[in-house]
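Trainee: Chain residues, written in single-letter form:
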Amino acid sequence: NAGVTQTPKFQVLKTGQSMTLQCAQDMNHNSMYWYRQDPGMGLRLIYYSASEGTTDKGEVPNGYNVSRLNKREFSLRLESAAPSQTSVYFCASSVSGGAPDTQYFGPGTRLTVL
Amino acid sequence: AQSVTQLDSHVSVSEGTPVLLRCNYSSSYSPSLFWYVQHPNKGLQLLLKYTSAATLVKGINGFEAEFKKSETSFHLTKPSAHMSDAAEYFCVVSESVDQLIWGAGTKLIIKP
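Top line first, the protein sequences correspond to chains Y and D.
Take the first sequence: its position 57, counting from 1, is numbered 57 in my numbering, and each next residue is one higher.
Take the second sequence: its position 94, counting from 1, is numbered 94 in my numbering, and each next residue is one higher.
I should point out that these hints are in silico values taken from the structure, not numbers from a laboratory.
All of these numbers come straight from a predicted model, not from anything done at the bench.
Don't take each hint at face value.
As the list claims (entries may be wrong) - EDC-like cross-link-like pairs, simulated, lysine to aspartate or glutamate; straight-line CA separation at most 20 Å:
no., chain 1, residue 1, chain 2, residue 2
1, D, LYS58, D, ASP85
2, Y, LYS57, D, GLU95
3, D, LYS42, Y, ASP38
4, D, LYS58, D, GLU88
5, Y, LYS9, Y, ASP38
6, D, LYS107, Y, ASP38
7, D, LYS49, D, GLU71
8, Y, LYS9, Y, GLU73
9, D, LYS49, D, GLU66
Stated by the list, open to error - Computed list of chain D residues with no C-beta within reach of chain Y, every gap over 12 Å:
no., residue
10, VAL11
11, VAL13
12, THR17
13, TYR36
14, GLN38
15, LEU44
16, LEU48
17, GLY62
18, GLU66
19, LYS68
20, LYS69
21, SER70
22, THR72
23, THR77
24, GLU88
25, PRO112
All C-beta atoms in this analysis are idealised placements derived from N, C-alpha and C, irrespective of residue type, glycine included.
Generate coordinates for the entire structure from the input sequences, incorporating the hints supplied.
Mentor: Written as structure tokens, this is what we have:
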């Protein structure tokens, strides 16, 4: 089992460019999440998908869009990248999304916006 | 409103000595509490979680944490540090899936 996979691992963009971060899980989990991690701060939730066909905003959704393509895949899109979006992005999944649920994380995507 | 405070940004201990990473939280309800670990340039892994069962929770790699409601604390401990424990540790409080609040992290440094 690969668990949670993310592509790409690294990306450099210029301001205004767009890109999509891909995430897939093979654990048959219902819920999936996108976080960003900035130095000196904990992870902050961007968007989540409690189940296939649903998505909801997290703490910091501005500048991002998501698509829950199917049960396995959850993508994050930056339509017009800004330097403030330079960060490490983590995708995670969990069985059901309830409060005590364990989340399983991918290895992360390090994004730099110039 | 929920919040999490990890009281130390860095903790340095010698190999073989005890580890204490401190976490205080505030929550309106009975929260779930977690500790996650992130090794350098790697993803995050669950160490342990508290979900209103036993107040002393045992996790992987010899770590444990005690939920103290009166002190609103959930400190992480290990009796004897190992070099492989060097990592960043995050305390997390959750009342619901869209209110998962992460602490800023504590970097654990192990001296030989």
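Trainee: Does each hint fit the structure? Answer for all of them.
Mentor: Here is what the structure says about each hint:
{"no.": "1", "hint": "D/LYS58 x D/ASP85", "result": "holds, 16 Å"}
{"no.": "2", "hint": "Y/LYS57 x D/GLU95", "result": "holds, 16 Å"}
{"no.": "3", "hint": "D/LYS42 x Y/ASP38", "result": "holds, 15 Å"}
{"no.": "4", "hint": "D/LYS58 x D/GLU88", "result": "holds, 19 Å"}
{"no.": "5", "hint": "Y/LYS9 x Y/ASP38", "result": "holds, 16 Å"}
{"no.": "6", "hint": "D/LYS107 x Y/ASP38", "result": "holds, 14 Å"}
{"no.": "7", "hint": "D/LYS49 x D/GLU71", "result": "holds, 18 Å"}
{"no.": "8", "hint": "Y/LYS9 x Y/GLU73", "result": "holds, 17 Å"}
{"no.": "9", "hint": "D/LYS49 x D/GLU66", "result": "holds, 10 Å"}
{"no.": "10", "hint": "VAL11", "result": "holds, 16 Å"}
{"no.": "11", "hint": "VAL13", "result": "holds, 22 Å"}
{"no.": "12", "hint": "THR17", "result": "holds, 27 Å"}
{"no.": "13", "hint": "TYR36", "result": "violated, 8 Å"}
{"no.": "14", "hint": "GLN38", "result": "violated, 9 Å"}
{"no.": "15", "hint": "LEU44", "result": "violated, 4 Å"}
{"no.": "16", "hint": "LEU48", "result": "violated, 10 Å"}
{"no.": "17", "hint": "GLY62", "result": "holds, 19 Å"}
{"no.": "18", "hint": "GLU66", "result": "holds, 17 Å"}
{"no.": "19", "hint": "LYS68", "result": "holds, 18 Å"}
{"no.": "20", "hint": "LYS69", "result": "holds, 16 Å"}
{"no.": "21", "hint": "SER70", "result": "holds, 21 Å"}
{"no.": "22", "hint": "THR72", "result": "holds, 17 Å"}
{"no.": "23", "hint": "THR77", "result": "holds, 20 Å"}
{"no.": "24", "hint": "GLU88", "result": "violated, 10 Å"}
{"no.": "25", "hint": "PRO112", "result": "holds, 27 Å"}
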